[in-house]
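Enquirer: Sequence:
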Amino acid sequence: MNRTRSAPAFAELIDLIEMRMRARRIPGVAVGVLHGDEEYYAGLGVTSLNNPLPVTPDTLFQCGSISKTMLGSALMALVDGGLLELDAPIRRWLPAFALKDDQAAQRVTLRHLLTHTGGWLGDHFNDFGFGADAVARIVEEMATLPQWTPLGSTWSYNNVGFAAAALVMQAVTGRAYEDIVRERVFAPLGMTRSTFWPTEVMTQRFAVGHNVVGGNAQVATPWEIGRANHPAGGVNTTVRDLLRYARMHVDNGAPVLSRRAAQVMRRSHGPSTGRWSTGLTWWLGRLNTKADAPLDPEGELLLHHGGATNGFTAQLRIVPGRRFAVALLTNSDDGSSLNDEVSSSALRSMLGLSFDAVTKETLTPAQLRKYEGTYTAHLDAQDLRVRDG
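Heads up, the sequence shown is in the working numbering, so the first residue is 1 and it goes up one at a time.
Because the hints were derived from the structure by calculation, they are not lab data. Keep in mind that this is a model prediction, so the values were computed, not measured. Keep in mind that a hint or two might mislead.
[What the hints assert, rightly or not] Beta-carbon label-pair distances, calculated as ranges:
| id | residue 1 | residue 2 | range |
| --- | --- | --- | --- |
| 1 | L368 | G215 | 29 to 35 angstroms |
| 2 | R91 | G190 | 16 to 22 angstroms |
| 3 | V386 | T221 | 38 to 44 angstroms |
| 4 | G174 | V219 | 25 to 31 angstroms |
| 5 | E140 | V386 | 29 to 35 angstroms |
| 6 | L363 | A187 | 30 to 36 angstroms |
| 7 | G174 | E85 | 15 to 21 angstroms |
| 8 | E38 | Q218 | 36 to 42 angstroms |
| 9 | E140 | L363 | 16 to 22 angstroms |
| 10 | E361 | G174 | 50 to 56 angstroms |
| 11 | E12 | D123 | 36 to 42 angstroms |
Note that CB positions come from ideal geometry on N, CA and C, so glycine has one too.
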């Protein structure tokens, strides 16, 4: 690694983060960069506006949906061990599994679950507390959810599908989902601070989420994530632990996965959404050597996942071919743009690579008006209108 290039570049990242924190009123950020055999860390700001402590590289944050990739890694370790198959119907292990569409329920596989191609309503977050049956109870409720698209035909983000995957993992091991991830991922990688449990978080330095309301950051409540949603987004981790996890994927899965299993996770398994294709729990991108260039299908592979919970945003980007990763954890619901800008800056300054790829098309106002309307999803609605045209 070129230390003389990376160390100043990391200092510039810190300057950028501090500037964006002030502009967006983000209380705290933890950042880490892996470049070859070198690692750089920093903690900025405070854990909470109400009870402030300095953020350090060992401060725990909720990492949201980055947790899905940890589920995927633990599940692929079970595939390595011959306990699971990606393309077998999950009714092999969960005979009572039910959906509104029984034909889909008969055919759904782990690959469907881990690539968001199940087709039913995915944003289902009912809270069943912290009892041992929480995951099973939310999976039972999947029988009530509408089937929006045919199984396997369309990518549609599906949080609750990961609960079904976790229930399969529990069925074949006889272990609680959280114990499987701890034993298969956290322990081998030395992720000693990472945990699902609030009772363990509270014994360490941890960040509190904040939501920006009326231009001001306010502490977000509730803090905890119920056990039914642990598979989709329940991990609390530090930026130091997150880079330990990233190094495993840089090192082709060692010591958690076989090389083959790691390669399966970073192979395209589903529909492309333009900039991204769908890996097994990862988003897959391609990096360019020039900004604002067309997408290069032969560019350097990028693994990406973000995360968002109540008052937290997170991001992890990995470039396996360059032994590079950048991890960001923020305790603000307005941290996503900071994460995007900082990780893109790190790719440019340290690797000379860009993910600012664009495909430019010129449409007339009449063509654009065909897309006007209100687009409604389960938890959100967006109004799209043509202006000045």
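Enquirer: It remains to establish, for every hint, whether it holds in the given structure.
Expert: Hints and how they fare:
no. : hint                             : verdict
1   : L368 to G215: 29 to 35 angstroms : 31 angstroms, holds
2   : R91 to G190: 16 to 22 angstroms  : 37 angstroms, violated
3   : V386 to T221: 38 to 44 angstroms : 40 angstroms, holds
4   : G174 to V219: 25 to 31 angstroms : 39 angstroms, violated
5   : E140 to V386: 29 to 35 angstroms : 45 angstroms, violated
6   : L363 to A187: 30 to 36 angstroms : 53 angstroms, violated
7   : G174 to E85: 15 to 21 angstroms  : 18 angstroms, holds
8   : E38 to Q218: 36 to 42 angstroms  : 38 angstroms, holds
9   : E140 to L363: 16 to 22 angstroms : 46 angstroms, violated
10  : E361 to G174: 50 to 56 angstroms : 53 angstroms, holds
11  : E12 to D123: 36 to 42 angstroms  : 38 angstroms, holds
Hint check: violations occur at hints 2, 4, 5, 6 and 9; the rest are consistent with the structure.
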